[in-house]
Structures are given as C-alpha cells and as structure tokens.
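Trainee: Each chain, letter by letter, is given below.
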Amino acid sequence: MEITQKQYKHCDLVQVTGRVDSQTSPQLAELFKTIMDAGRFKIVLDCSGLEFISSAGLWVLVNAQKQCKRYNRGEVVLAAVDDRIRGSLDLVGFIPYFRIVADQTEAVGLF
Amino acid sequence: MTTYPATFASLASICSQVRQAASVAGFDQQSVYEIELAVDEACANIIEHSYGAEGLGDIRCDCLESPDSFTIILQDTGCCFNPEDVPEPDLVSPVEKRHEGGLGLFFMRQGMDEVHFEPCEGSGTRLTMVRNKKRKTR
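Chain order of the listed sequences is A and B.
Using my numbering, read the first sequence as starting at 180 and increasing by one per residue.
Using my numbering, read the second sequence as starting at 42 and increasing by one per residue.
Note that these hints are calculated values from the structure, not bench results.
Any given hint could be a false lead.
[Said to hold, decoys possible] Cut-off 27 Å, straight-line C-alpha distance, at most; resulting in silico cross-link-like pairs (DSSO-like, lysine-lysine):
(1) A/K212 x B/K138
(2) A/K185 x A/K212
(3) B/K138 x A/K248
(4) A/K221 x B/K174
(5) B/K174 x A/K245
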C-alpha cells in the first residue's frame with residue numbers, strides 16, 4: 180500500500196494504492212488521524228489505485244467517517260471506487276454512509 | 042502446500058498465491074476478488090483468534106482445482122476455532138451505531154459456497170473453503 184496526501188484549501192486529498200488489509204490499514208488510520216487532529220474533517224479518498232480492501236480497511240473508512248461527520252463538521256468522500264470494492268461496501272450496507280463520486284476532481288469540487 | 046508465518050505481513054503473499062490459482066482455474070476478476078477477500082479474512086481471523094497474536098505459528102495454504110470447483114485449505118496450529126461462537130454481523134443498524142469487527146466470517150461465507158472448520162489432530166484448525174465454478178446467483 181502507498182498513500183499520498185495533498186492539502187487543498189477546502190479539503191484534504193488522500194490517494195491510496197495497492198492493498199489495504201490488516202497489515203496496512205493501521206497506516207491509513209494513522210493518516211486520517213493526523214488530518215483530523217489538525218482540525219480538518221473534509222477528506223477525499225481517491226480509490227482509483229486501490230486494488231483490495233478487507234474488512235479491517237473498511238472499518239478504518241467507517242471510523243474516519245464517524246469522526247468527520249460528528250458535529251456536521253465534514254465528511255469522507257470516496258472517489259473512483261472500483262466495482263469489486265463497491266460490491267464489498269454494498270454487501271455490508273456501508274454504501275449509504277458515504278458519498279461516492281466518479282473521480283477526485285468531482286469529489287474535491289463538493290467542498 | 043505452502044507455509045507462511047502467521048503474520049499480517051503474510052496476507053499479501055497468501056492472497057497472491059490464491060489469486061493466481063483462482064485465475065488459472067478460470068474465475069473472472071469479480072470472482073477472484075471475492076475468493077481473495079474470503080482468504081484474507083480467514084487468515085486475519087487465524088492470526089487474531091486461533092493464535093491470538095502475530096508470529097505465534099504458521100498458516101499452511103493449499104489450493105485444489107477440480108472440473109467443478111476450487112478448494113482452499115488453510116491450516117493452523119493455534120486454538121480450535123468454533124464458528125458458532127461468532128455472532129451474526131449487524132448489517133441493518135445505522136453504520137455509526139455498529140460495533141467494529143465481525144465481518145470476516147460473513148465475507149468468507151459470501152465469497153465461497155462452502156466454509157467448514159474442523160479440528161486438526163494435535164492442535165489447530167483446518168479450514169476448507171470451496172467455491173463452485175458455476176455459482177447460483179445470490
């Protein structure tokens with residue numbers, strides 16, 4: 180897994196590539212925490228390079244979303260989600276909890 | 042049969058072995074992904090629940106293909122795992138009210154047509170997961 184982060188005026192863009200599993204998901208959780216600890220709660224997660232995400236990774240997304248949505252201060256928006264990953268989100272009923280958009284440009288434009 | 046240390050760092054290698062074998066067995070990309078997810082979740086459960094922590098044993102992984110099905114056998118030497126002890130996941134409560142965890146076995150059962158656990162001689166568990174090549178639509 181590789182993660183890159185870019186801070187925009189109105190949101191933070193996180194790009195994740197490769198596998199998010201029990202080995203790598205703590206690193207993604209740590210990055211979300213760093214962003215939120217800095218008082219920024221509008222986050223775009225670009226999933227275009229995401230090849231695989233296990234339940235451990237899905238919970239990282241849910242936990243970040245819980246924090247961001249608290250007090251209506253922001254949210255995590257998912258961009259460019261592959262059908263297979265969307266399938267996993269759908270199976271466990273996580274789809275309604277996230278806005279999912281076509282690409283990072285559209286996602287960044289939401290904020 | 043390939044043996045891996047029971048660590049989270051092994052997940053990518055175990056999944057790679059299974060992905061390759063499932064592709065050779067003729068599954069499409071979506072099915073390969075579902076099989077990979079089942080195996081990743083199964084191995085993470087072995088590490089967390091059978092062994093209770095990382096680095097306390099091995100995971101042996103074997104993939105078998107028949108004309109009708111694809112079978113994965115995962116074997117550990119940890120504690121016996123009883124799937125009946127695992128509560129059904131909560132898939133209906135609002136997401137923010139759900140408790141973390143509990144989706145591993147669910148993804149295993151969704152991705153595979155048969156999932157069974159049996160105690161090994163001595164110690165540990167043998168997990169056999171079968172995916173039929175022609176699958177009824179769920």
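Trainee: If you test the structure against every hint from before, which numbers come out violated?
Mentor: 4, 5
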